[in-house]
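For the record, the sequence lines run as chains V and R. Letter 70 of the first sequence, counting from 1, is numbered 70 in the working numbering, and no numbers are missing. Letter 87 of the second sequence, counting from 1, is numbered 87 in the working numbering, and no numbers are missing.
Hints were generated in silico from the structure; no laboratory data involved. A virtual CB, placed ideally from N, CA and C, is assigned to each residue, including glycine. Everything hinted at is true.
Beyond 10 angstroms from chain R on every Cβ pair, some chain V residues (computed):
{"#": "1", "residue": "25"}
{"#": "2", "residue": "126"}
{"#": "3", "residue": "199"}
If the Cβ cut is set under 7 angstroms, some of the chain R residues that face chain V in the computed set are:
{"#": "4", "residue": "247"}
{"#": "5", "residue": "265"}
{"#": "6", "residue": "266"}
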Amino acid sequence: MTPLLQVDDLCMHFPVKEGLFLRSHKANRAVDGVSLHINPGETLGLVGESGCGKSTLGRCLVRLYEPSAGTIRFAGQDITHLKPRALRPLRQNIQMIFQDPMESLNARHTVGEILEEPMIIQGLGGSSVERKQRVRELLNIVGLPARSVSRYPFEFSGGQRQRIGIARAIALNPQLIVCDEPVSALDVSIQSQILNLLVDLQREFNLAYLFIAHDLAVVKHVSDRVAIMYLGRIVETADSETLYRNASHPYTKSLISAIPVPDPHRDHQRQILTGDVPSPIAPPSGCHFHPRCPVAEPRCSERYPATRIVGEGHESACHLSPEN
Amino acid sequence: MFRLNPQTLKKLRRFRHIKRGYYSFLLLAGLMVLLAFGELLVNSRALLVSYQGELYFPTYTAFHPGTDFGLNYDYEVNYRELKEQFDQDGSGNWLIMPLVPYNAFENHAPDGVFTPLAPNATQQHYLGTDTTSRDILARLFYGTRIALIFSIGFMLSVYLIGIAIGCSMGYFGGIFDLLFQRLIEIWSNVPFLYMVIIIFSVIPAAFSVPTRIGILLIVMVLFSWTGMTYYMRTETYKEKARDYVAAARVIGASNSRIIFRHILPNILSTLVTFMPFTIVGAISAITALDFLGFGLPPPTPSLGELLKQGTANLRTAPWIVTSAFGTLVALLTLVTFIGEAVRESFDPKTYSIYR
Chain V
1 MTPLLQVDDL CMHFPVKEGL FLRSHKANRA VDGVSLHINP GETLGLVGES GCGKSTLGRC
61 LVRLYEPSAG TIRFAGQDIT HLKPRALRPL RQNIQMIFQD PMESLNARHT VGEILEEPMI
121 IQGLGGSSVE RKQRVRELLN IVGLPARSVS RYPFEFSGGQ RQRIGIARAI ALNPQLIVCD
181 EPVSALDVSI QSQILNLLVD LQREFNLAYL FIAHDLAVVK HVSDRVAIMY LGRIVETADS
241 ETLYRNASHP YTKSLISAIP VPDPHRDHQR QILTGDVPSP IAPPSGCHFH PRCPVAEPRC
301 SERYPATRIV GEGHESACHL SPEN
Chain R
1 MFRLNPQTLK KLRRFRHIKR GYYSFLLLAG LMVLLAFGEL LVNSRALLVS YQGELYFPTY
61 TAFHPGTDFG LNYDYEVNYR ELKEQFDQDG SGNWLIMPLV PYNAFENHAP DGVFTPLAPN
121 ATQQHYLGTD TTSRDILARL FYGTRIALIF SIGFMLSVYL IGIAIGCSMG YFGGIFDLLF
181 QRLIEIWSNV PFLYMVIIIF SVIPAAFSVP TRIGILLIVM VLFSWTGMTY YMRTETYKEK
241 ARDYVAAARV IGASNSRIIF RHILPNILST LVTFMPFTIV GAISAITALD FLGFGLPPPT
301 PSLGELLKQG TANLRTAPWI VTSAFGTLVA LLTLVTFIGE AVRESFDPKT YSIYR
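The shape of chain R in the complex, shown without the other chains:
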């Protein structure tokens, strides 16, 4: 049976009492739900099409060629045009578009010229378009989603490696510890930005976008796991010396049992306090890299790329930088507020079980 430790429950209760962090958490959780079902909110595909008495749900299915709905082309249906057509011909066919009827990749320039368009509600570009006539709201929305997924993936990998190596350093100590400490010192002196630039200049352009994002993630993780080991190493040293570990040894527990059943559970609860700040760091890092042009490969929607466009067109299209900057600030503030509340409610110094 899964039951939370009363200590953990107490921590969660304390967290709920820190209103700022708690509401930030609810907001971010709500945002993440919206992002998870983003295709239903921000998409160029219709939610629901009723054509000749049959219902279609094109959002998550394979694409419908125009011929499916009586159009004279066999590439993907342009649902916005289809909607206008249905509205005009009065044939009883109808369709519902999402709130924002654009996706992050399409260049929507009715007059054929790619130019940033100021926010306007009639065309449903609520935050305007960027320099290549892509809807900014759609790009922000999916950019945020990718940034969050990326930073959560980053956090999980960093923690996995950092915990595994840091914990073994602390637990086994001796030569192993000494050797890894020196290796980590050398490794953490390799300049990260140069490495990213070098690596991205040698990756063949033929690699697909997901592969390139994966490579970026790996490179970032490779240069970030060391920070975690310092903390894990000392914490493991500290916990290892406690009597409950000695007690486990006396009853014959193996090393792996001691690490996984005794030491790790006692450290991990304090580790939770770092997670929001790691995510903040990852979002800032990926945005900065995008801004410099070494981050997520185009045409992936990203906050950093929008910031770059926005600063380049600060006079002519100020709405680009405002919305990108606003989103970034809001996102980072939310996560930081959560992090502060978590740190306050989980503080191992104030609320330690052991002496």
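So here's chain V without its partners, still in its complex pose:
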């Protein structure tokens, strides 16, 4: 099976401009050599601390940024450096759901205008009447009343706003949706509603998701496979069952041990990470994780570990991972 999205050695380095003539001597290596793939109809969870580059990676995939190296292939087509005009027809296949629905919905437009805009831009949806019909249909799919059409985003609650954002993302019948922390700005009680909506939509329209989050519990709920990201690189990938039961990378292990367990009597060994995420402008030598790693060895500060296959579909970038 050819993957829907194939990413190879993707880098996104933002130049840091300094001095009188704004020359760049350094770069912020927000994404530094990421490879991953997403199959049709599958959800890949992407987890990492804030500032690890997961949002930047998501934005590269929808080509909000032009990557500085590597390739992004969508359904076999290289879209890494396509010009906006050439990219436009492909846009309908890759959509995005944003973290903060208040920020991502233009407050000057009604919900009807927001949902109609993708169809107008892409020249889809037929006549104006047909487009309006489609807007009502979309509202129905995401569970909003049809009278929302003439209302403005700020007249809705957070969860309803995110539903509008989701309706906009599916308006063009995409195959892949990049969900950039779609529930982290919402109340916990609303989060599960939105997650269930996303899962239902996936089943109904055979969508593939790249689900970005910093909350492993949320990711576990929706993902088929999970990738763990640390400082611009992916350190471990596995299907979600394996990852939660049998994590190989020490960073993943500490993340999993940090998931709260709703049982006060259970003896729970926490592995608390000390220190902060290092700066992506000057990452540590060798394995980026070694200054915080509980099991670091001398070789960890010398070489960045190669990605090894630990099990079936399970990859880990750690010197200590057992090679299968």
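With chain V held as given, fit chain R onto it using these hints.
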């Protein structure tokens, strides 16, 4: 269908609750309606003439030579004299004059000597006359009208240029931004007053008055648009980074669509708060230039020109400076009150939609 955004409605409601600004706005709006139909109120032409059973409305028509009404001259009828004549001869002809039966340009000196005349109601010079016997009320009235039209035109042109350039600087950024910033810094250091003096000394006197007013407007706009770009540039930078712009990009929106449909509407509502203050600035600037003699070309009625006359004849004709000064203060106060109320009710810091 045109429908106001509920946020805008809320702002307007807040504006209405700020009484001082709201009533100033109503007053100024009323004044502007009066000014728009000024020819019906302050004019040397009659509103309505009934001559030999026929009705004439000379206000907005071509001029009637004296022969039309049985007079022995073929230049424009002097309606004030005609009215006296009609009243005396009892022929059943009659005419109605406007409230102030003078226009801004005529020198009305019955005894043939041009001298400032104190306000008096019998001659219907309610605010007196200036040094060349022109009615001050008429000159103030039309002077205000020209000042307002001029400053609105000034504001619109400044905003058009400022928004266009500032927005492109913010949106496209990079070298374009850097280059224009330096150009603007250089340009805004050119002394405006010297430029006006130089330009007006080289314009041929043969140019018509409207042309000269147009040139003045262009010169003033050329030296004022830079201030707007600073604001627009930073606002565009700010809005560009918001997620709704990213969302528009993801669905494939073009640059022009993003600018005109997404960024501009979000900035323009806050831009409204500047408008009254720009108008205040323009009225002050044009009055100051008139006072110095580099503003609106004579014989255009203007507040600054009256102030100049008034200060020159402060002892002999104090009514000139009083009425001109009073008008200027009233006008600027009204607009400033409106501006303060608009700023308070539109304040983007207090009432932001986004975080």
